[in-house]
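One letter stands for each residue in the lines below.
Number of protein chains: 2
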Amino acid sequence: MKIAVIGIGLIGGSMALALKEKGIAQKIIGVDANPLHQQKAIELGLVDEINELDQAVTKADLIILAIPVIAAENLLEKILDRIDRQVVIDVGSTKQSICAVAAKHKNGHRFVATHPMWGTEFSGPEAAAKNAFENKAVVICNKEKSDVDAVQQAEKIYTALGMHLLYMNADAHDLHAAYISHISHITSFALATTVLEKEKEEDAIFEMASGGFESTVRLAKSNPAMWVPIFMQNKENVLDVLNEHITQLRKIKSCLEKDNYAYLAELIGDANKIKRILK
Amino acid sequence: MKIAVIGIGLIGGSMALALKEKGIAQKIIGVDANPLHQQKAIELGLVDEINELDQAVTKADLIILAIPVIAAENLLEKILDRIDRQVVIDVGSTKQSICAVAAKHKNGHRFVATHPMWGTEFSGPEAAAKNAFENKAVVICNKEKSDVDAVQQAEKIYTALGMHLLYMNADAHDLHAAYISHISHITSFALATTVLEKEKEEDAIFEMASGGFESTVRLAKSNPAMWVPIFMQNKENVLDVLNEHITQLRKIKSCLEKDNYAYLAELIGDANKIKRILK
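If you read the sequences in order, they're chains A and B. Each residue of the first sequence is one higher than the last, beginning at 1 in my numbering. Each residue of the second sequence is one higher than the last, beginning at 1 in my numbering.
Everything labelled a hint here was simulated from the structure, so no lab data went into it. Computed from a prediction, not measured in an experiment: that's the story for all the values here. A couple of the hints might just be wrong.
In silico contact screen, one side only, chain B against chain A (beta carbon under 10 Å); selected entries [to be verified]:
| id | residue |
| --- | --- |
| 1 | 166 |
| 2 | 198 |
| 3 | 249 |
| 4 | 264 |
Calculated from the model, a selection of chain B residues having no Cβ within reach of chain A, i.e. all distances over 12 Å [said to hold, decoys possible]:
| id | residue |
| --- | --- |
| 5 | 96 |
| 6 | 108 |
| 7 | 136 |
| 8 | 152 |
Computed footprint of chain A on chain B; a stretch qualifies when at least three of its residues, placed anywhere within it, have a C-beta under 8 Å from a C-beta of chain A [as the list claims (entries may be wrong)]:
| id | stretch |
| --- | --- |
| 9 | 139 to 151 |
| 10 | 235 to 245 |
| 11 | 266 to 278 |
From the three backbone atoms N, C-alpha and C, an ideal C-beta is built for every residue, glycine too.
Full structure from sequences and hints, please.
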């Protein structure tokens, strides 16, 4: 199968690597607006060739859209205009908005909305990693809107990548994603700006920073070009979770202000229940 | 050298393991109020024997206090009452308060205030890990208040554990610790309660939760018995940082509410500057 990967960054590049390695793709055609990324993707062996979009779409059997979510939507229309037999999947972190675009298009039934639940705080082709998706979940949304063969194609490639398949509506996906991914990024961005704002002795942070700090602040390195569009598209869910998060922080703050340490212990005990979910 | 470890949990147990392995301790005497921990510490080979406090203090050359910070302060007085030649070090996450206790005691010059910057979200003797401290920092506070030989003893054991030594005043330590450790725990606790409060579909979280969620919420498993006393003792610094953190979250919230995505991108760009500190 010939696969076109549009956007050869962290996700697109890692998928390209894995699809080639697993023997799913005989050829990977890369498409990227950034000439430096094009060159790097060839150098790193992520893709076999670089094409313009039209040429890539014509040649490919499967098209993977792996660019920031709002750009992906805009491009999806163009791609759907140009396909007949091909399958198009996206890999974005929001699903309602892109599913709405596909629903309005005459070729929308060739599109499968997917979200492989893997990522790092890095971006660009150099961030592409081997075995990135293994044992992670992939969410496939609104599958009843896609052709059966298109869904099977998507299932086949994700299964080959070692992922387990979850199915849900785009609405449910966006709500859950706000909880398990988008809010973590927001708290991490805010934690980084808090520290950088207030703590002038950066050497001390650098020297003392231990595992706890690193793990909570790591996501703050994430790229605004990817994340701003996600927050725009999932604004309502994200605001809802963010309001609740601020409420929870204010409860802790109030415990400290009032020296109510019994209640603080209770809140921490409640937080400990996350062990039920995260082993 | 005979070393008494008071509190054979995550930190005490890991130090016991390392001090034995590096040949610094010929004998490790464990002291723990919890009979289950006593038994486990013997079973796991963390300690050579379990003693009552008085006996352990009498026999030991060096005493390591590794219990929650308020309990450590209370016990420090008792231990200082009973020593002559011995060195006592603590390993707690706050330093001003315990240094004040030592400063008032006639044997306070035998005490060295230290904070090895390593930990995990787990607790108890089973959480003890090998090579835990290697390449991490240890902070030694107010060293001019301690006898020269006592400081040298502390430096010797931490150097043997592979740690690099930092020196600062207890006040500066507590301020920096609020930024690089205590606030991370608070956001993590609040993130866990946010998710558990609002997200009823725990199966969905469990299935979808990817690396980002895990890394920001991991600390929420941490033990209230350890953390409530830390927050009590470092209340002013923690409140200061927490207020700033809530301010930063509200800025992000306001960007979303007002669809001010240019400013949101700028805030994320600011957060990205954490790369200067965390590689």
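Now for the hints, and whether the structure bears them out:
1. Taking 10 Å as the C-beta cut-off, the interface hint given for residue 166(B) holds, the closest approach to chain A being about 6 Å.
2. Residue-level restraint check for residue 198(B) holds (minimum Cβ-Cβ distance to chain A is 5 Å; threshold 10 Å).
3. Here the hint on residue 249(B) is kept, as its CB sits about 5 Å from the closest CB of chain A, short of 10 Å.
4. Because the beta carbon of residue 264(B) sits about 6 Å from the nearest beta carbon in chain A, less than 10 Å, this interface hint is met.
5. Distance check for residue 96(B) against chain A: the nearest CB is about 16 Å away, which clears 12 Å, and the non-interface claim stands.
6. Residue placement check: residue 108(B) keeps its beta carbon more than 12 Å from all beta carbons of chain A (closest about 25 Å).
7. Distance check for residue 136(B) against chain A: the nearest CB is about 6 Å away, which does not clear 12 Å, and the non-interface claim fails.
8. Distance check for residue 152(B) against chain A: the nearest CB is about 21 Å away, which clears 12 Å, and the non-interface claim stands.
9. Given as covered by chain A, the stretch 139 to 151 of chain B fails the check, having 1 residues with a CB less than 8 Å from a CB of that chain where 3 are the minimum.
10. Interface restraint, the stretch 235 to 245 of chain B with chain A: holds (9 residues with C-beta to C-beta distance below 8 Å; minimum three).
11. Interface restraint, the stretch 266 to 278 of chain B with chain A: holds (12 residues with C-beta to C-beta distance below 8 Å; minimum three).
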